[in-house]
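These protein sequence lines map, in sequence, to chains A and B. Going by this note's numbering, the first residue of the first sequence is number 902, and it counts up by one from there. Going by this note's numbering, the first residue of the second sequence is number 902, and it counts up by one from there.
Because the hints were derived from the structure by calculation, they are not lab data. Owing to the predicted nature of the structure, the values given are computational and were not obtained by experimental measurement. Possibly wrong hints are sitting among the right ones.
Because identical chains cannot be distinguished in the list, a pair is counted as satisfied if it fits within a single copy or across any two copies.
[To be verified] The list that follows gives simulated cross-link-like pairs (lysine to aspartate or glutamate, EDC-like), each with its CA atoms no further than 20 Å apart: (1) Lys1194 x Glu987; (2) Lys1058 x Glu1072; (3) Lys966 x Asp1123; (4) Lys991 x Asp1243.
Protein chains: 2
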Amino acid sequence: MAAIIPQSLESEINIRVSKIAESLKKQNVDAILLGSFANVYYASGRVFSGYAYITCDGSVTYFVKRPVALEGENVKYIRKPEQMPEIIGKMPTTIALELGTVSYNSIERLKNVFNGATVVDGSVIMSQIRAVKTEYEISKLKTSGIHHETAYGNIKKVYREGMTDVEFQIEIERILRNEGCLGLFRVAGDSMEIYMGSVICGYNADIPSPYDFAMGGGGLDDSIPGGCNGSLIRPGNTVMVDMCGNFTGYMTDMTRVFRVGSIETPLALKAHQLSIDIHHRIAEIAKPGVEAKMLYETAMQMVKDAGLEDYFMGHKQKAGFIGHGVGIEINELPVVAPRSKDVLAEGNVIALEPKFVIPGVGAVGIENTYVVRQNGLECITNYPEEISELY
Amino acid sequence: MAAIIPQSLESEINIRVSKIAESLKKQNVDAILLGSFANVYYASGRVFSGYAYITCDGSVTYFVKRPVALEGENVKYIRKPEQMPEIIGKMPTTIALELGTVSYNSIERLKNVFNGATVVDGSVIMSQIRAVKTEYEISKLKTSGIHHETAYGNIKKVYREGMTDVEFQIEIERILRNEGCLGLFRVAGDSMEIYMGSVICGYNADIPSPYDFAMGGGGLDDSIPGGCNGSLIRPGNTVMVDMCGNFTGYMTDMTRVFRVGSIETPLALKAHQLSIDIHHRIAEIAKPGVEAKMLYETAMQMVKDAGLEDYFMGHKQKAGFIGHGVGIEINELPVVAPRSKDVLAEGNVIALEPKFVIPGVGAVGIENTYVVRQNGLECITNYPEEISELY
């Protein structure tokens, strides 16, 4: 038997539950039912199969299907969701369900379980709550950042002349895994799927992908058309490394660029420096209360001033954002995009990735993960920002 | 520009579209709209962001959001689903949508797009169609199987004395990736997530997990509680290797057991041999027209006759199935479980995994992937079935 919430996490989970209860109260919602792995993990500190049921009064019931042998006053084992009402007793008049993440059939089934209740979207509620990290969550992210940095420090050691992008990526995956990377790259929604991140080299940076990532890549197979495509790593091309930083259940996002020999194209060097400059500029102005779209506009103005719009956030195909929240999932709020309605709050954790695709060279630019603090951004992925030579 | 369907795949996609159209006609459904990556891949041979719209007359329109630059007579670029009706023209009276896989919000949006149409569940339709593979799909699965076998042949080479399960798994991941494994382990539904498979050693086999896999394992972190947990690989314990066979977009599933030194527990040896015997018995009786639950019952009877029920499909926590279809996703139809309503058909591809957890030793038993043929099962993951020694 194991306690559903380890003693060391009790006060942290209380904080999170209070945040959820407060948000429900504000929106006149009686209760929320969370069944997605990401939200169950947030509400309990562990992934289980079942539901966390939280009321606006702050009471929690964990309805567990699997695994067996979890303990706690508020743990109730069920085989199916239809068993919940009897245990809940006084049923809610308004219930929040995860309409944005859970399948239509599963929601219809839950609507029947909460028969007669008004249903509101709990996915939105949870995204907004999870966008503002607790100090404990920030410490988890910082730990991920430190391992991420350490792993990136070993990337140059595994390069061998004549490698393809995928061969290089496989060695980087091994470095990350040996450093403690859990592998899984949790993404929200249906528009993305990924295996451990991407290593994109040379012309492949300009091959469009179906996924909503900042950069594309053709991939190794039409079944997973993104990332490395088996290209030889050639002198004069860049190798962009954007690999998974999930060491703690909380993910940092970090991109760095490598090269073999020298990059002779002034356009590429200029664009890479501009990416760094954008980071530094945004790190100063991104404070609580600032609109996320302002960060996008600031970056875009700097890009326009430099005459680099054609290459910004892709060339043949462009991504529509330059940053996103990170945490339990890699695509959280706030979104740093032109039409974002998000306003920065202290405790947001965002990955910024102003990147460029330079034809004939490849992708340039960096990505870092930052905590939004009172006086600007605190970087938690510190690693040299210039293009590093592989040899 | 690239053709949405490469010339070499045209006749194959025609076959698949005909199967879908025929099924729609049989069920009096006018059209189906597919947007999940797995079904889009099935309907076009490539993953894109958007929808495949197929009518009961066999006409297909590919509505593409990303990537740019796909070509074809029936390719229409859209930014949002609301643009489809104008292109479709005569709207369907009955439409199948992926109710079992796509989020509630996305389906509600699509219901508005097909305003007034009766909506039926397209997820079920597609699962049933995809359960019967074409010969081309079987060739893809066979190719995966051959690479899977080759990779498993290298597992013993990377074992070093004193390794933990995760260190061993990382080296196996690298073998698989270097053999061409695409990494991504596509699973259907909300009840599973996994990173490249699992290596489970000794007592960890008996730690229950929340996921719907045959075996559990505590995992390395409460955020992903399944698989290896950092245990030292000890003499007298088994190491069960159940790693991802996705080399072609189509996945084979194969499990083998390794040991350090000798396994002295007769119970473990008996159970492993029984697993092999179950495979051979089922391979003879599993023919088109046989109910999938009969295979389960046959296995269970053999287990009962041997007095090994306590250990079958887990010990503290048990899995409710011994086999499942595989293909584009790792959990397809048919399901080999006591209450399965599936009936075997020629061209089903199933992974059978009658496994045991023996306290004090670990997990034993094997898993193979088979094609259902007229006269029984054809194994496509051929690798020695006995427990192999690591040294």
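Each hint tested on the structure:
{"no.": "1", "hint": "Lys1194 x Glu987", "result": "neither (46 Å within a copy, 33 Å between copies)"}
{"no.": "2", "hint": "Lys1058 x Glu1072", "result": "both (10 Å within a copy, 17 Å between copies)"}
{"no.": "3", "hint": "Lys966 x Asp1123", "result": "between (37 Å within a copy, 16 Å between copies)"}
{"no.": "4", "hint": "Lys991 x Asp1243", "result": "neither (36 Å within a copy, 40 Å between copies)"}
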